[in-house]
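A.B. asks: Listed here are the chains, written in short residue letters.
There are 4 protein chains.
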Amino acid sequence: MKIRKDAFAPKPPMGWNSWDCYMSTVNEAQLLENARWQAEHLLPFGWEYCVCDIQWYEPTAGTKPGMEYIPFARLNMDEYGRLLPAENRFPSSAGGRGFAPIAEQIHGLGLKFGIHIMRGIPKQAVFARTKVKGTDATADQIADPNSICLWNSDMFGVRKGLAASQAYYDSLFELYAGWGVDYVKVDDIAHTGPAESGGYDAAHEIEMIRRAIDKCGRAIVLSLSPGPAQIGKAWHLSQNANLWRMTNDFWDSWPQLKKMFGYCELWQTHVRPGCWPDCDMLPLGRIGVAFGHGRTTNFTPAEQKTMMTLWAIFRSPLMLGAELMSLDDATLALLTNEKVLAVNQNGANPRQIARDDGHAVWVSENEDGSVNVALFNLGDEAREVGFDFAEIGWDEAACDELWTGEGLAGARISAKIEPHGAEIWHCERMA
Amino acid sequence: MKIRKDAFAPKPPMGWNSWDCYMSTVNEAQLLENARWQAEHLLPFGWEYCVCDIQWYEPTAGTKPGMEYIPFARLNMDEYGRLLPAENRFPSSAGGRGFAPIAEQIHGLGLKFGIHIMRGIPKQAVFARTKVKGTDATADQIADPNSICLWNSDMFGVRKGLAASQAYYDSLFELYAGWGVDYVKVDDIAHTGPAESGGYDAAHEIEMIRRAIDKCGRAIVLSLSPGPAQIGKAWHLSQNANLWRMTNDFWDSWPQLKKMFGYCELWQTHVRPGCWPDCDMLPLGRIGVAFGHGRTTNFTPAEQKTMMTLWAIFRSPLMLGAELMSLDDATLALLTNEKVLAVNQNGANPRQIARDDGHAVWVSENEDGSVNVALFNLGDEAREVGFDFAEIGWDEAACDELWTGEGLAGARISAKIEPHGAEIWHCERMA
Amino acid sequence: MKIRKDAFAPKPPMGWNSWDCYMSTVNEAQLLENARWQAEHLLPFGWEYCVCDIQWYEPTAGTKPGMEYIPFARLNMDEYGRLLPAENRFPSSAGGRGFAPIAEQIHGLGLKFGIHIMRGIPKQAVFARTKVKGTDATADQIADPNSICLWNSDMFGVRKGLAASQAYYDSLFELYAGWGVDYVKVDDIAHTGPAESGGYDAAHEIEMIRRAIDKCGRAIVLSLSPGPAQIGKAWHLSQNANLWRMTNDFWDSWPQLKKMFGYCELWQTHVRPGCWPDCDMLPLGRIGVAFGHGRTTNFTPAEQKTMMTLWAIFRSPLMLGAELMSLDDATLALLTNEKVLAVNQNGANPRQIARDDGHAVWVSENEDGSVNVALFNLGDEAREVGFDFAEIGWDEAACDELWTGEGLAGARISAKIEPHGAEIWHCERMA
Amino acid sequence: MKIRKDAFAPKPPMGWNSWDCYMSTVNEAQLLENARWQAEHLLPFGWEYCVCDIQWYEPTAGTKPGMEYIPFARLNMDEYGRLLPAENRFPSSAGGRGFAPIAEQIHGLGLKFGIHIMRGIPKQAVFARTKVKGTDATADQIADPNSICLWNSDMFGVRKGLAASQAYYDSLFELYAGWGVDYVKVDDIAHTGPAESGGYDAAHEIEMIRRAIDKCGRAIVLSLSPGPAQIGKAWHLSQNANLWRMTNDFWDSWPQLKKMFGYCELWQTHVRPGCWPDCDMLPLGRIGVAFGHGRTTNFTPAEQKTMMTLWAIFRSPLMLGAELMSLDDATLALLTNEKVLAVNQNGANPRQIARDDGHAVWVSENEDGSVNVALFNLGDEAREVGFDFAEIGWDEAACDELWTGEGLAGARISAKIEPHGAEIWHCERMA
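Protein chains in written order, with the numbering used here: chain A, 21 to 451; chain B, 21 to 451; chain C, 21 to 451; chain D, 21 to 451.
No lab work stands behind these hints: they were computed from the structure.
Any given hint might turn out to be false.
For chains that are exact copies, the list does not tell them apart, and a pair is met inside one copy or across any two.
[Claimed, not checked] Mimicking DSBU-like on lysine-lysine, the simulated pairs with C-alpha atoms at most 35 Å apart in a straight line are:
(1) Lys278 x Lys153
(2) Lys278 x Lys235
(3) Lys253 x Lys235
(4) Lys436 x Lys235
(5) Lys235 x Lys359
(6) Lys278 x Lys180
(7) Lys180 x Lys436
(8) Lys151 x Lys359
(9) Lys153 x Lys279
(10) Lys279 x Lys235
(11) Lys278 x Lys253
(12) Lys436 x Lys253
(13) Lys84 x Lys436
(14) Lys151 x Lys253
(15) Lys278 x Lys151
(16) Lys253 x Lys180
(17) Lys180 x Lys359
(18) Lys253 x Lys31
(19) Lys359 x Lys153
(20) Lys359 x Lys253
(21) Lys151 x Lys31
(22) Lys151 x Lys279
(23) Lys84 x Lys359
(24) Lys436 x Lys153
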């Protein structure tokens, strides 16, 4: 039976990811501690995925100051060139058990479990000439020496058009399904595009991964990184993936946040069940703990609200990047506003109404005929931002602001908004 | 009262345009002869616009062999630098009446009337230093010397941010509204994009034209040419225009037609009432009469059907480029298939289901829950192309092919299609 | 008899140019006042050309604050579309005498006379449809509407391959030869190159100008501007011009001066009699008088010496851009060091010996077997820069520094040089 | 004592190279058989280098049909990651003797011996973590994972700025000097340039190789491949290398030969003793023996003469790519015309006099004051090509054509030349 990819991510996935906090160094204890906190405080609001990000197979990750990735590091690998958790970092994986024990614990908390992988096959497997499971081929025969990642030296891409290439990806997802993985974030794969702008062509690997998931018997959500994905590939991405990143890595910087409005404008017509253009993780609370980048998010409260509002109205996946145990109340409140989360999960047909250098307005629709209107001040001074209901053919509406509960009625909503700030209104048509 | 642009092109505009046949040389007699034929034979099927294309203001157009445009030709112009029909070619325009008499005749036939303009202000006006109507400014003050069209020397673009620039465009549309124009095709304006690929930035002129229409008191449909429009500008285009060209000029060549499938893939999520990504005119029947390019379309019957089917399912505007009086019965049948035209006018949510070098499949939806399925053979050999209703969650369907009337029922439609050919099926779900 | 272009600029031309001081506003009084000062104080050292730069045909130049060039300004033009000096600015040109009276005065001072022109034909001539002298053609027939200058709206380039285009350029140089012009700086012509980097193809205009000079009966030195000229066009430039600019406009900024070392590295093998890659004018003393940019050069004394040393050893043309009457003694000394000027005029085979971000060394050769060695400190701290005579196969040399007269002997010259400073040594081999 | 690179290639190197004939499969028997023939028939005319080209360290080269390079092949390598001849192909290298025995034999024939290497360090050494000789570093520490060759998977480039990187190159040239190597052709290194056109930055590796040669105690000629080298790097190349390729691989195709005239125009000012822009090998006689590409050169006799004439007048290195044992008399005559070879070895100041799509003229100078004039017909029809001695300031000359011996005197040489053909004249000034 064919797995229908759009069926198992009908709403934007919500969860936590280890990257923003632990980067390439996360270990079993950290993962599980966060998972327990997540299950207790965030899961009730829908934050269900717990995702272990990059380099879990690298025993020495984090041992060299300033080096997120150690070139040509020795990786933990099975006889088929498939990477396994580094046992010194993930002790429960010992004895070839992989991530199964951790997945089991996380599932026991009511969460879903995700992992990160790099596209391709380890260079180490190529030079060890490991077998491709279920074939007579060896790793060197399916690796493409020219398909490399510019920021991590672990892998070669696999060749196009070879049955053994597909067999290799099938063997990966067979393994992950066996572990109980629910979500895979594949990296170095979404920035397809012209070589002159640093892009590469990994379209065939995206397709192979799609087919491997369809065969693996488990509904594994497929997330592609990093961006910028190319808008010209939108149809291909929507056929094969559940999430794809619109930008390169997003961090806690206002210029990056402001630029995200442009990406949301660009991709807005591609948002639909099973297909979620991705604004990337939410760098909130305490982040960057690894490699001495530790800090509380640089985003001001206004900017945090703007980020949550944009991610909500656009229907971006919501993946939190924070050290959960130290989350303060204000941040927690931001993440657990049920009305705002409902906009993200249920608001249909999100679309930009206006945007210039100083402001933006977005609208989405609810099933009951009401609409959500988000107002953004993108400038450095407080200013009025408004929306006329005539734009959607209404005379007047009754409105509630979802962050503050403030109410308002009339032919227009309008607010004086703080610099870099936002409001989001739930509006019902008045007869 | 604001004119709501999306309201007055709720369905893809259908009509006839003088370019493919008469190019830059069309005259009043030709225009009216075609209009009368259109009113009699095509209007009953929805073909309502009659559009006079480029260079109607150029008295000597067509007098130099092989030159569609004569560099620095003297243009017929009023005291405000506004171009007027060349009286030798459009006699009814004499005495400053412009296109009003022709518009009146065309309206009298039950048709709507459209004209073509180039963006910008005539260079001739700049060197004559004509007044900008309603201002103290002169043409040289609003012209941008660096904003030129690479294939026609008539105009300079107008400067950004000047009130007099807006006033100039306002004066144009005031004139056109006074004539009774219903549709304006603005040229040299849609291929915004990076200069290195021949693009230019005319976004401010698009906005000025939008505002000028909104003020002019007449619901003038706005069509932008030529393409390729940039997908990154999709939101801007959809805010300001009713139609915009996805490609450079489309002619009767199979490689161009095959490439159109790629453009339709790219723009499919932007098709909606009032916003019509444009596949360009249909070069059918007798075309290229001017400049000795006269011929019957190079498209084979199979290719003609493919073109009509793609334009229909994608919901492209349908603008016919043919000498109407000599249309043969087969072509007329192609243009007057009411079921196919209904797909174009009413089929919602058109989307590509599959495409590779050899075939393509598209689907759109009807209000009654039935769907339209178009199957295309893009290869040079006959081949099977099919569609499984499981793709849309149906078990079985009862189907009729709209060109042939053939019927079929089951879990899949499948057909052996001739090279470059197409079929389009109307499908009802079976319980 | 063919004029041999390489014969009449056997050494790098030296002179004065009005641009750096008066920009587009220079007038007859200013030109002649500077010429008189030049004849008295600089001519004895070889500074012989006096060049009137851009816009001398524009009566209103300088009348709008901040606008060096007024778009679509009305130009003073003869019946053949040839520009004439604006009589309000150059009174002696009245009565159709053009620059002849001024040339005569300048020649009387012992100087040579140069003018600036833009390539192409005035747009104003095109719309006035002036005759091309000696032909039946009119300006609109030879103008290329797509060949425009991006920073000045006066001209269209002329079309390739037309006899009337050549006739137009012939008519220009016939006029200039008649006035007694010795040097023409043609602008908007040397930055041939790919359109995506702002270049254009004016190669045919360069060739037409070459032919026009060869026919005009007067040895007019041809200087092409602005750069950057493309190194891939070096052979074409050397066949047609005497000087061509390696860079865009050079002003009194250290980063620009430092970058010039890269251009000199690039072009060093193309320096030879009649062919002078051009570092551009020397912005010394009082400059920028027009448009309120008036200042004394921003170059420090060290930087001034570095500039003169580089221009000298590389054999750049030396065109002074200063208000001569207010030159101070230090600047005058810099410009009249006969030994340094001799390196410029006579040093053969200039070549870069070493260069990195912090220093550079150049060598050239004298007829008597001695060499010139220039040492440059390109860094922001004082540092040692040296040269081993073993590099040129010598054991030891006896040396004199040309700016200070300091002496030194040995296997190496080495000096502690001030930041941004330079030394230049004359070195004789020791037996 | 510093080795002066320009001193040991004072004239364009001449020799034979195994590539054009044997490609990646050459073996000891083939190499020596050709060397013996070369010594007997070609060495007397100056053809002194015998060069073993790529993949001599690859035991399985040539065993897979159509694959010049087998991805991730196992290479023969010493404990320091230095590649050694494959013993199955070069039996005399057994026992760690490397190329020393072959070099000894070739030297015994009176020839000089050259080898080919790829820049960088074997990937195989990286994953085996071999020591870098004379250091504590291992291969993985000096390899740059992003510096790869796009057409051969053997190597990673080495990192910039590390002492161990230099030590690695030093260890290579210590080995080669010990073997008796006289000439090294380094590949994947000369096409420095922008990434978007397939270039890469290997400037630091060129510098490291220069230093390694300077230290190795042997005058090893350094040849860099493949092109196109970037003209903007001319100074850097001339400081570090003796030869560098102006183009990508040159084969026996007229369009490639015609394009070479453009490259020669571009690089002509950089030809001087020790610095030889390289037109690449001469694909003459029987070539392409490996991989089933075997053929007699596709060049017609006229084209062969054109090639030899251009290589001669331009002073390109002359490296023959042919199966020597089967050379026919006509080809041998082409290669042993002493007068033509003398132009290559001694003609000073080669320069292009004229070139357009149909013809080219070049001149160079002899020590006795005579000149060489090459006339080329680049078109597809016979045509006259000529040269006026007035171009070089002579009245008349007495001339001999070097291929035919034909004589001629006058103010001009002029000849009707066959399509794609050439003549080369030795000309003495007449009083």
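A.B. asks: Now, for every hint given, state plainly whether the structure supports it.
C.D. replies: Evaluation of the provided hints:
{"no.": "1", "hint": "Lys278 x Lys153", "verdict": "neither (46 Å within a copy, 40 Å between copies)"}
{"no.": "2", "hint": "Lys278 x Lys235", "verdict": "between (40 Å within a copy, 33 Å between copies)"}
{"no.": "3", "hint": "Lys253 x Lys235", "verdict": "within (24 Å within a copy, 39 Å between copies)"}
{"no.": "4", "hint": "Lys436 x Lys235", "verdict": "between (53 Å within a copy, 29 Å between copies)"}
{"no.": "5", "hint": "Lys235 x Lys359", "verdict": "neither (38 Å within a copy, 40 Å between copies)"}
{"no.": "6", "hint": "Lys278 x Lys180", "verdict": "between (38 Å within a copy, 25 Å between copies)"}
{"no.": "7", "hint": "Lys180 x Lys436", "verdict": "between (55 Å within a copy, 29 Å between copies)"}
{"no.": "8", "hint": "Lys151 x Lys359", "verdict": "neither (52 Å within a copy, 57 Å between copies)"}
{"no.": "9", "hint": "Lys153 x Lys279", "verdict": "neither (44 Å within a copy, 40 Å between copies)"}
{"no.": "10", "hint": "Lys279 x Lys235", "verdict": "between (38 Å within a copy, 33 Å between copies)"}
{"no.": "11", "hint": "Lys278 x Lys253", "verdict": "both (24 Å within a copy, 18 Å between copies)"}
{"no.": "12", "hint": "Lys436 x Lys253", "verdict": "between (39 Å within a copy, 29 Å between copies)"}
{"no.": "13", "hint": "Lys84 x Lys436", "verdict": "neither (49 Å within a copy, 41 Å between copies)"}
{"no.": "14", "hint": "Lys151 x Lys253", "verdict": "within (33 Å within a copy, 45 Å between copies)"}
{"no.": "15", "hint": "Lys278 x Lys151", "verdict": "neither (48 Å within a copy, 42 Å between copies)"}
{"no.": "16", "hint": "Lys253 x Lys180", "verdict": "both (18 Å within a copy, 33 Å between copies)"}
{"no.": "17", "hint": "Lys180 x Lys359", "verdict": "neither (46 Å within a copy, 43 Å between copies)"}
{"no.": "18", "hint": "Lys253 x Lys31", "verdict": "both (22 Å within a copy, 28 Å between copies)"}
{"no.": "19", "hint": "Lys359 x Lys153", "verdict": "neither (48 Å within a copy, 53 Å between copies)"}
{"no.": "20", "hint": "Lys359 x Lys253", "verdict": "both (33 Å within a copy, 32 Å between copies)"}
{"no.": "21", "hint": "Lys151 x Lys31", "verdict": "neither (39 Å within a copy, 54 Å between copies)"}
{"no.": "22", "hint": "Lys151 x Lys279", "verdict": "neither (45 Å within a copy, 42 Å between copies)"}
{"no.": "23", "hint": "Lys84 x Lys359", "verdict": "neither (44 Å within a copy, 59 Å between copies)"}
{"no.": "24", "hint": "Lys436 x Lys153", "verdict": "neither (62 Å within a copy, 39 Å between copies)"}
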